[in-house]
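Visitor: Spelled out, the chains give:
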Amino acid sequence: MSSEAVRHDAEPVIECRKLWKIFGNDANRAMDAIRSEGFNKEDVLKQFGCVIGVRDVSFSVGEGEIFCVMGLSGSGKSTLIRHLNRLVEPTAGEVWIEGENIGTLSPSGLRELRASRMGMVFQNMALMPHRTVRENVAFSLEVRRHDRKTRLGVADEAIEIVELSGWGDRYPDELSGGMQQRVGLARAIAADPHFLLMDEPFSALDPLIRRQLQDQFLKLAKDMKKTTLFITHDLDEAIRIGDRIAIMREGMLVQVGTPEQIVMEPNDSYVADFVAGISKLHLVTAARIMEPVADYETRNGPLDRSDLLGARADDTLDRLAELSIDTDAPLIIEEDGKHIGVVTKKALIRGIQGRLHDTAGDSA
Amino acid sequence: MDPFSNIDLGIADWADGIKQWAAANRGTIQPLKLFLNDSINSVESVLQAVSPVVMIVLLTLLAWQLSGRRVAIIVCVALVALGLLDPGAWALAMTTLAIVLFSVAMCVIIGFPLGVLAAKSNRFEGAVRPVLDTMQTIPAFVYLVPVVMLVGIGNVSGVIVTVVFAVPPLIRLTSLGIRQVNQSVVEAARAFGASPSQIMFKVELPLAIPTIMAGVNQTIMLSLSMVVIASMIAVKGLGNEVLRAMGRLDAGKAIVGGLGIVILAVVLDRITQGVTRSGRERGYRHWWQGGPTGLILSIFNAGKRTKQQGETGQRQQTQPRNVKQEGQDGE
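Chains as they are written, first to last, in this note's numbering: chain S, 1 to 364; chain P, 365 to 695.
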């Protein structure tokens, strides 16, 4: 997860610049009114009968990164993801993919982008019921007029990757929901695209299957290094999957950051409410809750380091809790053989509670 | 008292003007009429040339292939009954069948593209709907006269009159079928780079086929219901028998003609209804795996399999049932 793959400082390959989407016949006039007269959501609805879907959204995604957009239904996240392959045209703003403004693409250029560089997975699978699994998976190659033998061969490889070998001749309605979504995933990766657009791919599945598919997807994403935009309404899923998470609300991105940042430093009360119930055990590391050895010693006197149990800076709270079961003493955090910090029991418990800022200033 | 008694907008006169127009444009109408007439006649002569026994066998096999064994039996029995009705009934039925098949072909040629257009354009759909309502409800006698004025009596006017009456459901159901296609599937096709025509031919039309075929079925039924009226403008066949029997109060002849029409309707309806159900609903995966071709193929394959020794073949046979219950996501 985030600790092992901090990829977001890589060269951005997806960039949304001040993206707006307003739905309605008077969208352009509504846009002007927002810009010049500072109309808000209610004004726009009343004056123009328009609904704001995406509101001044800018973000960039680095190569190989998994970027999660998390929001409740109606927050505009599905609209946002559809801007990246122009299933939805923006009212204002630009989308740049691999250094190219896709708003300027010709119809055939756009089809090429969709067929060969982007794979999309849908919440409701959207498989074609009249085609077999193999024909479904081969669709993007068929669209580009690859001959039958090539495309079915490629489809079989993709089907094997999602572990559905032997099901190629079945029809979608003969498969369970989880298998259908694996077909959806196979269809998305068949053309070996650079990008995956995942629109709540696992939301319609029951929890156990969802977890299996998340694991399968993570493994796949790691192997294939696809830059992924992943939409979800489930914060747990976003944390499991995302290198970075963007929280979306009423068409705006209210916070963008690593899962740890989102959970430990929510920007506002909306995000705070969201992350309140999230378990920090596997998310927060010692680096975040430890205090410098010097600070501890000024408060409590010199530390007898010989008896202390050591831990690493990137150990999770879960691991730290495990270590401190057998000792009343604080844990010492080591890096490259140096002692870089101390984690007291209080700090650990506060960390598990998610209350970072109450930790300092007390004795052990 | 009657406010309308002194007003004459001249609608009747205007409609009557068709006569003059037709007379003036005889030169352009005539070649088209002759071409259509020849086409109808050649369809009929083919149907008449085939011996009844061969025809029954062919239609039964067709019914078996398209709609299954049960329908094939119904079709076979119905056709034998048709032949037994009266010594002349078979030939009359073939004449009627020729007119009906030709009318249905015209309906498909005209109606299918209009239906696609109506599905794609709300404005066109809105414009065409009242026209279709009119075509279906206006009494046939009203347009019988102008049509005869235009092209004269005979098979061609019979076909025109039939098409006017029978084409609306095909247009409606083609439009409905395409509009009903799940939009998320269409969106997925777009997301994978399909062009508008690829979406049409690879996604929308295949998924709309059952509804469109229901439209074709309705068109066939309506065409058959027009044969008696069409016989008033000198179209021959079973309808003409009914018409003549009516004039002579000949109940026997009327029943022969009437039952003949009913039997044709049953045969055509059962065969075309079967087409709307996919092969998979009947328990096999491809159309050629059922019916007579399936039988021939299975005999052929059985011959090959005995040579190879059956282990692989047996596995293939046992697997396909009930996959849904067995299929699991857990590994």
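If you are wondering where the hints come from, they were derived from the structure by calculation, not from laboratory data. It is possible that some hints are incorrect.
In silico DSSO-like cross-links for lysine-lysine, where the CA-CA straight-line distance does not exceed 27 Å [said to hold, decoys possible]: (1) S:18 x S:46; (2) S:149 x P:668; (3) S:149 x P:600; (4) P:600 x P:617.
Visitor: Next step is simple, just say for each hint if it's right about the structure.
Guide: Verification of the supplied hints:
1. S:18 x S:46: With Cα atoms ~24 Å apart, residue 18 of chain S and residue 46 of chain S stay inside 27 Å; holds.
2. S:149 x P:668: 26 Å, holds
3. S:149 x P:600: 53 Å, violated
4. P:600 x P:617: 14 Å, holds
Hint 3 from the list above is the single one not met by this structure.
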